[in-house]
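There are 2 protein chains.
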Amino acid sequence: MTLPYGIFSTDGSAPRVGVRIDDQILDLGAVGRLGFFDDLTFDQTVFDQPVLNPFMELGKPVHRAIRQRLLELLAHPEKPLDAFADQVRVPAATATLHLPIRIGDYTDFYASQEHASNVGRMFRPQTEPLLPNWKHLPVAYHGRASSIVVSGTPVKRPSGQFLDPDQQPVFGPTQALDFELELGIVIGKPSALGEPVPVDEAESHVFGFVLFNDWSARDIQRWEYQPLGPFLGKNFASSISPWVVPLEALAPFRTDGPTQEPTPLPYLRSTARSHFDIELEVVLQPANQEEIIISRTNARHLYWSVAQLIAHHTVNGCNLNVGDVLATGTISGPTDDSCGSLLEQSWNGSRPLVLPDGSTRSFLHYGDTVILRGWAGNRQIDFGEVRGTVIS
Amino acid sequence: MTLPYGIFSTDGSAPRVGVRIDDQILDLGAVGRLGFFDDLTFDQTVFDQPVLNPFMELGKPVHRAIRQRLLELLAHPEKPLDAFADQVRVPAATATLHLPIRIGDYTDFYASQEHASNVGRMFRPQTEPLLPNWKHLPVAYHGRASSIVVSGTPVKRPSGQFLDPDQQPVFGPTQALDFELELGIVIGKPSALGEPVPVDEAESHVFGFVLFNDWSARDIQRWEYQPLGPFLGKNFASSISPWVVPLEALAPFRTDGPTQEPTPLPYLRSTARSHFDIELEVVLQPANQEEIIISRTNARHLYWSVAQLIAHHTVNGCNLNVGDVLATGTISGPTDDSCGSLLEQSWNGSRPLVLPDGSTRSFLHYGDTVILRGWAGNRQIDFGEVRGTVIS
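Those protein sequence lines, which keep their order, are chains A and B.
Note that the first sequence covers residues 1 to 392 in the UniProt record's numbering.
Note that the second sequence covers residues 1 to 392 in the UniProt record's numbering.
By construction, these hints were calculated from the structure, which means they are not laboratory data.
A couple of the hints might just be wrong.
The list makes no distinction among identical chains, and a pair is therefore deemed to hold if it is satisfied within one copy or across any two copies.
Stated by the list, open to error - When the alpha-carbon atoms are kept at most 20 Å apart in a straight line, the in silico EDC-like pairs for lysine to aspartate or glutamate are as follows: (1) 79 with 57; (2) 135 with 164; (3) 156 with 382; (4) 156 with 195; (5) 189 with 78; (6) 135 with 166; (7) 156 with 277; (8) 189 with 290; (9) 60 with 248; (10) 189 with 82; (11) 60 with 39; (12) 60 with 261.
Work out the full structure, taking the sequences as your base and the hints as a guide.
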């Protein structure tokens with residue numbers, strides 16, 4: 001079972017911690033008040049907080065014990081929670097879901113070789129697709145935490161500067177609004193300033209994962225990004241799924257990543273299997289139309305592992321805080337129908353997607369809804385979705 | 001008078017809000033408990049908080065009223081605070097100063113034409129020093145908030161990847177540790193996601209300014225930064241001064257900035273004088289040696305104004321939160337002895353600084369202390385200093 005954690009409220013009640021189980025939400029504070037956690041010694045008021053941070057700060061032993069207790073309660077033949085269903089269960093359809101994390105710093109990596117190569121082929125056609133540093137270190141930049149929103153929040157098409165066809169800077173709404181399919185890694189254990197996290201301890205800092213849509217305005221990004229990287233082309237909005245899938249739930253879906261050649265420097269070397277076999281899909285739903293699956297890929301295509309991202313991020317002593325989010329960067333697969341961005345799918349507009357109604361998409365239109373979904377195995381583990389609609 | 005705000009504690013007492021007056025700190029909570037703020041209707045418990053954020057959230061009318069009251073009390077011929085000196089005044093020498101802000105997002109700009117041109121001349125000698133976008137928009141990137149520390153915190157020399165003389169990536173302590181002289185703009189009023197802040201309203205979001213040292217590892221930065229910008233070359237530490245100088249204190253020191261040619265797009269145009277005449281200096285103090293002033297410059301050299309930085313940052317709808325910090329980027333002046341970084345002063349090591357003891361500096365050595373100082377006028381307004389010592 002996934003048993004993902006989120007923050008929900010009902011009918012104006014205070015936002016609090018819940019666990020999603022199919023079409024219901026288990027109210028963990030209510031479960032605790034019935035005594036089901038009494039032998040696990042932790043401060044149960046964390047469940048009455050409007051973000052997961054205090055809960056995450058309890059640490060992995062407590063998280064594991066709570067998850068184990070929930071699995072026992074749900075598997076128990078006498079269904080001990082059923083007698084209290086009206087107190088502890090909330091129909092998900094009646095709940096409001098909130099941004100589950102008070103996000104500290106947000107970092108965006110660039111960990112998919114296919115994505116980085118596609119971008120290189122498009123924008124630097126005369127050169128090697130990958131820049132010289134790419135296979136030596138997980139390239140990354142800092143993103144904006146303030147504009148990370150929960151699934152369902154409409155995304156206003158941003159305005160900004162970009163070059164017109166005559167290569168003159170003009171101001172207006174972006175003409176190249178895109179999505180990026182990513183996973184977000186939620187940090188649950190801090191690291192100290194000045195203290196690198198060894199690669200084989202890196203996963204102890206991971207609370208869980210969310211789906212992450214790193215909305216991008218390609219024209220704004222292209223004009224602004226030299227020499228210091230993306231800024232206004234990215235920071236108008238990023239969307240995350242409301243349910244955080246705990247790392248522990250993914251244990252059966254560990255897998256080997258791609259062979260890394262050249263062998264990375266020692267601080268990035270690990271023999272652990274810290275890639276994950278997570279199926280991912282991108283769905284486009286134009287206004288008043290059906291959903292169209294426009295891309296299918298898998299997190300195992302990522303070149304750099306989650307552990308490597310964390311080891312690299314901290315190797316210079318940069319500290320992590322509980323609530324930080326590290327995103328993987330766009331996850332693209334090896335085929336045309338496994339691209340994690342419209343930029344790649346439409347090859348920068350040169351081969352627009354043709355939709356069932358005959359309309360085309362080089363980039364997103366007003367009214368388009370983008371939905372990212374993820375799962376592992378036969379959907380035993382379900383990430384749910386992150387969705388957002390483009391508005392003016 | 002400057003009357004800057006900071007967070008201090010004494011003898012293990014709780015960190016709280018103070019105002020620096022010469023060699024003393026005025027304990028604002030204590031002043032309030034004596035009734036001196038009773039006619040100003042605000043929640044005085046903000047003074048007992050360990051960060052300035054709740055105080056900043058009170059808004060400019062309250063900040064102005066408090067500042068005015070303090071100026072009156074200090075100027076009053078009967079010196080009404082003197083009778084309570086043992087309750088309200090703390091010798092600064094006995095206090096511990098804390099990071100004054102719970103920083104949300106941190107953005108670093110690149111707003112000095114001299115700095116950007118120097119970097120261009122060093123690293124792209126065959127081309128125009130400024131990239132094509134530079135005079136059209138204030139180039140910026142997101143930095144790391146978690147590793148911002150208060151003045152006095154030692155700075156551990158970071159390790160990381162960089163290229164050896166044979167252009168092979170190697171791992172080790174940076175060989176090119178540098179400082180960057182900047183001003184930090186502290187945001188005191190939020191803006192809503194999706195709502196640009198017009199340039200002529202931008203300063204209403206500024207609580208005040210700090211001195212900002214954006215420590216940089218040039219070799220790490222050079223290898224990692226393509227194509228997404230600086231990351232580990234910057235995020236191991238940034239240091240800020242403990243006293244936040246309120247915007248209002250700088251009113252007499254407003255000045256015109258450089259002529260902006262080409263005229264920026266309308267959203268960046270303003271007729272207000274929102275540059276500031278702030279003298280700045282960089283002091284190097286090698287271990288067991290005297291202080292050496294190695295650079296003198298002025299914030300009026302910045303090309304882009306504070307208001308323009310904020311208008312640009314939000315023009316795409318990116319939201320600001322109270323406690324965000326926007327740094328100007330390295331402030332260099334037009335002469336060799338007004339550079340805001342050692343990179344520029346030593347011209348990337350090609351003309352090392354020669355110190356009085358005969359030693360040279362291309363970049364910083366272990367034991368070096370860097371001190372940034374700032375003031376306006378005849379030091380009526382004093383920013384104090386931000387200092388840090390390089391340790392292993």
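Now the hints, each set against the structure:
1. 79 with 57: Answer is neither: 30 Å inside a copy and 49 Å across each miss the 20 Å cutoff.
2. 135 with 164: between (35 Å within a copy, 17 Å between copies)
3. 156 with 382: neither (28 Å within a copy, 42 Å between copies)
4. 156 with 195: Answer is between: at 10 Å across copies they meet the 20 Å cutoff, but 40 Å inside does not.
5. 189 with 78: Neither. Shortest intra-copy (36 Å) and inter-copy (54 Å) distances fail the 20 Å Cα cut-off.
6. 135 with 166: Close across copies (18 Å), not inside one copy (36 Å); limit 20 Å.
7. 156 with 277: neither (33 Å within a copy, 38 Å between copies)
8. 189 with 290: Result: close neither inside a copy nor across copies, 41 Å intra and 42 Å inter.
9. 60 with 248: This pair counts as within: shortest intra-copy Cα distance 10 Å, inter-copy 48 Å.
10. 189 with 82: Close neither inside one copy (34 Å) nor across copies (48 Å); limit 20 Å.
11. 60 with 39: Result: close within a single copy only, 17 Å intra versus 50 Å inter.
12. 60 with 261: This pair counts as neither: shortest intra-copy Cα distance 33 Å, inter-copy 57 Å.
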